[in-house]
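Trainee: Take a look at the letters that make up each chain.
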Amino acid sequence: MKKIITLSLMGAVLATGHAQARDYDTVRIGVDIPYVPMEYRTPDGTLTGFDIDLGNALCKQAELDCKWVIQGWDGIIPGLQARKFDAIMSSMTINDDRKKQILFSDPYMTPPSAWFTPKDSTISSPNEESLKGKSIGVQRGTVQDNYVTDHYGSNASIKRYATADDVAIDMEAGRLDIAFLDYPTGKAALVDSKSGQFKTVGEMLTEPKKYFGEGFGIAFRKRDRELAETFNKALAELKDNGTYNTLYTKYFPDAKAE
Amino acid sequence: MEQLSTLWQPLLDWMNGNDIFTPNTFAMYWTGLTNTVQLVFISLLIGLVLAVPLAIARGSRNQVLRKSIWFYTYLFRGTPLLIQLYLAYYGFAFIPGIQETWLWFFLDDPLYPALLAFTLNTAAYTTEIFHGSIQATPRGEIEAARAYGMSKAKMMRRIVLPSALRRALPAYGNEVIFMLHASAIAFVVSITDLTGAAYYIYARFYAPFAAFLFVAALYMVLSFSIQALFKYLEKRLLAHLKPAR
Amino acid sequence: MLDLHGYGYRLLEGGLLTLELAILSLILAVVLGLVTASAKLSSSIVIRAIAKAYTLVIRGVPDLVLMMLLFYGGQIGINMATDWLYYEFDVDIFVNVDAFVAGVITIGIIFGAYMSETFRGAFMAVDGGLLEAARAYGMRPWTVFRRIRFPLMMRHALPGLSNNWMVLLKTTALVSIIGLSDMVKVAAEATKATHEPFLFMIPVALGYLAISSVSEWCFMKLKARYDVGFGAEGASWNN
Numbered sequence: 001m002k003k004i005i006t007l008s009l010m011g012a013v014l015a016t017g018h019a020q021a022r023d024y025d026t027v028r029i030g031v032d033i034p035y036v037p038m039e040y041r042t043p044d045g046t047l048t049g050f051d052i053d054l055g056n057a058l059c060k061q062a063e064l065d066c067k068w069v070i071q072g073w074d075g076i077i078p079g080l081q082a083r084k085f086d087a088i089m090s091s092m093t094i095n096d097d098r099k100k101q102i103l104f105s106d107p108y109m110t111p112p113s114a115w116f117t118p119k120d121s122t123i124s125s126p127n128e129e130s131l132k133g134k135s136i137g138v139q140r141g142t143v144q145d146n147y148v149t150d151h152y153g154s155n156a157s158i159k160r161y162a163t164a165d166d167v168a169i170d171m172e173a174g175r176l177d178i179a180f181l182d183y184p185t186g187k188a189a190l191v192d193s194k195s196g197q198f199k200t201v202g203e204m205l206t207e208p209k210k211y212f213g214e215g216f217g218i219a220f221r222k223r224d225r226e227l228a229e230t231f232n233k234a235l236a237e238l239k240d241n242g243t244y245n246t247l248y249t250k251y252f253p254d255a256k257a258e
Numbered sequence: 001m002e003q004l005s006t007l008w009q010p011l012l013d014w015m016n017g018n019d020i021f022t023p024n025t026f027a028m029y030w031t032g033l034t035n036t037v038q039l040v041f042i043s044l045l046i047g048l049v050l051a052v053p054l055a056i057a058r059g060s061r062n063q064v065l066r067k068s069i070w071f072y073t074y075l076f077r078g079t080p081l082l083i084q085l086y087l088a089y090y091g092f093a094f095i096p097g098i099q100e101t102w103l104w105f106f107l108d109d110p111l112y113p114a115l116l117a118f119t120l121n122t123a124a125y126t127t128e129i130f131h132g133s134i135q136a137t138p139r140g141e142i143e144a145a146r147a148y149g150m151s152k153a154k155m156m157r158r159i160v161l162p163s164a165l166r167r168a169l170p171a172y173g174n175e176v177i178f179m180l181h182a183s184a185i186a187f188v189v190s191i192t193d194l195t196g197a198a199y200y201i202y203a204r205f206y207a208p209f210a211a212f213l214f215v216a217a218l219y220m221v222l223s224f225s226i227q228a229l230f231k232y233l234e235k236r237l238l239a240h241l242k243p244a245r
Numbered sequence: 001m002l003d004l005h006g007y008g009y010r011l012l013e014g015g016l017l018t019l020e021l022a023i024l025s026l027i028l029a030v031v032l033g034l035v036t037a038s039a040k041l042s043s044s045i046v047i048r049a050i051a052k053a054y055t056l057v058i059r060g061v062p063d064l065v066l067m068m069l070l071f072y073g074g075q076i077g078i079n080m081a082t083d084w085l086y087y088e089f090d091v092d093i094f095v096n097v098d099a100f101v102a103g104v105i106t107i108g109i110i111f112g113a114y115m116s117e118t119f120r121g122a123f124m125a126v127d128g129g130l131l132e133a134a135r136a137y138g139m140r141p142w143t144v145f146r147r148i149r150f151p152l153m154m155r156h157a158l159p160g161l162s163n164n165w166m167v168l169l170k171t172t173a174l175v176s177i178i179g180l181s182d183m184v185k186v187a188a189e190a191t192k193a194t195h196e197p198f199l200f201m202i203p204v205a206l207g208y209l210a211i212s213s214v215s216e217w218c219f220m221k222l223k224a225r226y227d228v229g230f231g232a233e234g235a236s237w238n239n
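Residue numbers (the numbering used here), protein chains in the order written: chain A, 1 to 258; chain B, 1 to 245; chain C, 1 to 239.
Only chain A is shown next, with the shape it has when bound in the complex:
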């Protein structure tokens, strides 16, 4: 029934108001799940992950009410601009292509991108030579996708998937020779959960900045500069008072916090 009403309201104005006068008592944050360990659901349905915990801590620090909205990766930037939510906190890498569309907070973490192969793979360092004719799995529209497409698109076969989980499934089925993913996600999906079947190979990448940008940021609509400042301030405070470090070591015990 609700959907029928939505349909009849189609094209109608759903919310109006003055943006300047709008104070954000409730901030809706868009997030794409699952992306273990950054954002996912526990079996009982609660949202959890580094982004979720950090986001909640930021909101508490800034005295904002926050609500998480689930949104698929493909539609996440259009969704922000359509005001389905007011911010994106979903392991989104800050880069130039995206800066044309949206406003980013200061980076809140800088994870590298990493290559993953089956345990017995012969690829030891991914380069033009060793990837020739291989099938590379990536999540569609991610910075890793853009990087491999531009560097290896002409002599390797690039397989694009809707989610990182789909990449993991085809790695497991043996359809992919190598996968290129955000390190924390690839590690959770391939190395940690499939004991001993997969490993990381080669160098982890954070350069060139054109692709890998400055790390993960929270995204806002370009006009919401004030909201971005509020989050930047809260982030700086959490880094000062140690909350950030506690969270970071909770999720990434084997890495040292920046």
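No lab work stands behind these hints, which were simulated from the structure alone.
What you were told as hints is all true, and nothing was included just to trick you.
Calculated pairs, EDC-like style, for lysine to aspartate or glutamate (alpha carbon to alpha carbon, straight line, at most 20 Å):
| id | chain 1 | residue 1 | chain 2 | residue 2 |
| --- | --- | --- | --- | --- |
| 1 | C | K192 | A | D192 |
| 2 | A | K84 | C | D92 |
| 3 | A | K194 | C | E189 |
| 4 | A | K119 | B | E100 |
| 5 | A | K67 | C | D98 |
| 6 | A | K222 | C | D92 |
| 7 | A | K84 | C | D83 |
| 8 | A | K84 | C | D98 |
| 9 | A | K222 | C | E88 |
| 10 | A | K134 | B | D108 |
| 11 | A | K119 | A | E203 |
| 12 | A | K99 | C | D83 |
On the provided structure of chain A, position chains B and C as indicated by the hints.
Mentor: Below, chains B and C without anything else, positioned relative to chain A:
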């Protein structure tokens, strides 16, 4: 050569001046186009070859044969192609140990599971189209063939099939265009077809209009060329069915 | 018993969404089809050309591409418009294209084009004498349409309508690609989580077959209704 480059220069300038229509993205669209054409053409060809004997058997006196072919076409025509594609792609991949068998050679590349699903699907539709047109063979033609003392096989080969397949042309033309359009789902199993190329460019540059309108235009050109081809074939092969002037 | 790993309920929900989506799109398609069919029979060249261009474009482009264009492009197009309103006039409006609405609109628009062909043929098959007779009785145009033209036309349109509905039903599966949780999407998620494709895909396939069987029965009933007055005698005329 000099002149050629001056001709191309504005085009190259324009390509370098924007994100979305660059030599790189055109290479992507080209891959997409070849994959789409390849997938559609091969599945239609194998489907066509399968459909002729299936359509004959579909009208056979043998109950079991007739019913099992009916059941096959019922299943494949009654369910979405997307489900058939998922089954072909994931259905075998999770069987433990399959990676060690020769079958994996085919299942490894997503193109083959997609071909399998598309071929079985179009063969089912084509079987029904041909079956319908075989059933509609004018009685007079059959009686004439019998009067000549033709065997059943000879009658099928020389009289029934040639006329039935010709009469099936318009419906088969629709099926070809339908397959072209249906093939757009191939990208969900990681094949870069035309739609997949457009989706990549949308996801990278957030340029839905440039990406999807461009491939929509390409699909339209393909569809109308197929339509024109079938119109031509109909004119050539179905001239005898036109009302006399 | 069939163990669906706890996905059973969500599969049912997905099935319901498939049905809702299919029925709402069908309604939109029938309305668009009737309007377009009338436009094709109009005396104005411009209106006829617009109607023709509409069917031509739809027949040339895959359903999925149109769906993505509308779902992703529609949202960005609306965003551009509302942003412009905001910067130029300080008006802040917010219009959300949700996946369900986008699905209904796209499928409705696509099948509206196919329906228009069906309806056009059916309108032309109605005996003009009957319409003249109705007018001679002093019926208004709308009354003529509702009492005479539509019921007579439906007799001819039903086979095409039923055919289009069966295709439409299967087309709804595409919404799973733009993120709607219809039964195909739930089955795909479950497949990936449990690695048991047949367990989830086959019940969904049966779901589609069940819906088509039920609708076939409904169309048979409808056919009996619109064949009233043509049934027995009609058959004897033909022979």
